[in-house]
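So for the first sequence, my numbering puts the first residue at 161; every next one is plus one.
No lab work stands behind these hints: they were computed from the structure.
This structure is a prediction, so every number in the text was calculated from the model and none was measured.
All residues carry an ideal CB built from backbone N, CA and C; glycine is no exception.
Please note: incorrect hints may appear among the correct ones.
To be verified - Restraint ranges, calculated between C-beta atoms of paired labels, are given here:
no. : residue 1 : residue 2 : range
1   : Lys376    : Ile233    : 50 to 58 Å
2   : Asp377    : Val345    : 21 to 29 Å
3   : Lys216    : Asp327    : 29 to 37 Å
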Amino acid sequence: MPTQVYNELLRVYSHQGWWPINNEYKKRSTLSDTEKFEIIVGALLTQNTSWIQVEKALNELRKNNCLSVQGIIETKQETLGQYIKPAGYFNQKSERLKIIAQFLLQHPLAELQQMETNRLRALLLSVKGIGPETADSIILYAFSKPSFVIDTYTKRIMSRIGLCRKDVTYDELQELIVRNIPVDVEMYNEYHALLVEHAKQHCQTKPICADCPLSKDCKKLI
DNA sequence: CGCCAGGGCCTCA
DNA sequence: TGAGGCCATGGC
Numbered sequence: 161m162p163t164q165v166y167n168e169l170l171r172v173y174s175h176q177g178w179w180p181i182n183n184e185y186k187k188r189s190t191l192s193d194t195e196k197f198e199i200i201v202g203a204l205l206t207q208n209t210s211w212i213q214v215e216k217a218l219n220e221l222r223k224n225n226c227l228s229v230q231g232i233i234e235t236k237q238e239t240l241g242q243y244i245k246p247a248g249y250f251n252q253k254s255e256r257l258k259i260i261a262q263f264l265l266q267h268p269l270a271e272l273q274q275m276e277t278n279r280l281r282a283l284l285l286s287v288k289g290i291g292p293e294t295a296d297s298i299i300l301y302a303f304s305k306p307s308f309v310i311d312t313y314t315k316r317i318m319s320r321i322g323l324c325r326k327d328v329t330y331d332e333l334q335e336l337i338v339r340n341i342p343v344d345v346e347m348y349n350e351y352h353a354l355l356v357e358h359a360k361q362h363c364q365t366k367p368i369c370a371d372c373p374l375s376k377d378c379k380k381l382i
């Protein structure tokens, strides 16, 4: 079932090309440290925040040379907070930027890159400010390792089509999906992006069910 | 104007 | 260990 949903979404929305840092990264097998760092920062800033706001914050950080470990370490937390204000929760998120920069000083990207996926996930989850979704986003989109990302959109879509209960936990839904699709970084990447697109176009909190590509399978459970 | 956005931490049973 | 409160800005 999760595979059929994926095929249908891909047919309708076509390739999404995440992570949307630039258009050429996906042609290379591995990312530069700068790109990985930007993805990590983006994953953190987008917590409960729309991506359009995150882009503004990222641009502001870039303009002020704060899109690097050193840049963040050398900048006062209050100043970082001003830069990222459009992304909301600026007090929390500026603290988390500081914490992650310190973490990356202890564990350079090259070290993280070569870790086994589950060990990397556990390590990331030990960092204050990195929860399951942020960890999986970082693992998948920065390090190109297979860790399926669950978010509110995933939960909403999957529960509405009757694939899980709406109060399903993160780990339960992740297991359910992963068990039913191949272990494939490209597919994990694309699937998550397609779910986000579908949620934006049709499966909003107030659903737009007309012309929904999943309507024939959907139980319309709100 | 009210709702919501690609969550996570803390608290308190 | 799990539900509820809190964090904050901007688009619609």
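Consistency of the hints with the structure:
Between Lys376 and Ile233 the C-beta distance comes to about 53 Å, which sits within the given range of 50 to 58 Å. One distance hint, 21 to 29 Å for the beta-carbon pair Asp377 and Val345, holds here, with the actual separation near 26 Å. Lys216 and Asp327 have their C-beta atoms about 34 Å apart, which keeps the hinted 29 to 37 Å range intact.
Hint check: no violations occur; every hint is consistent with the structure.
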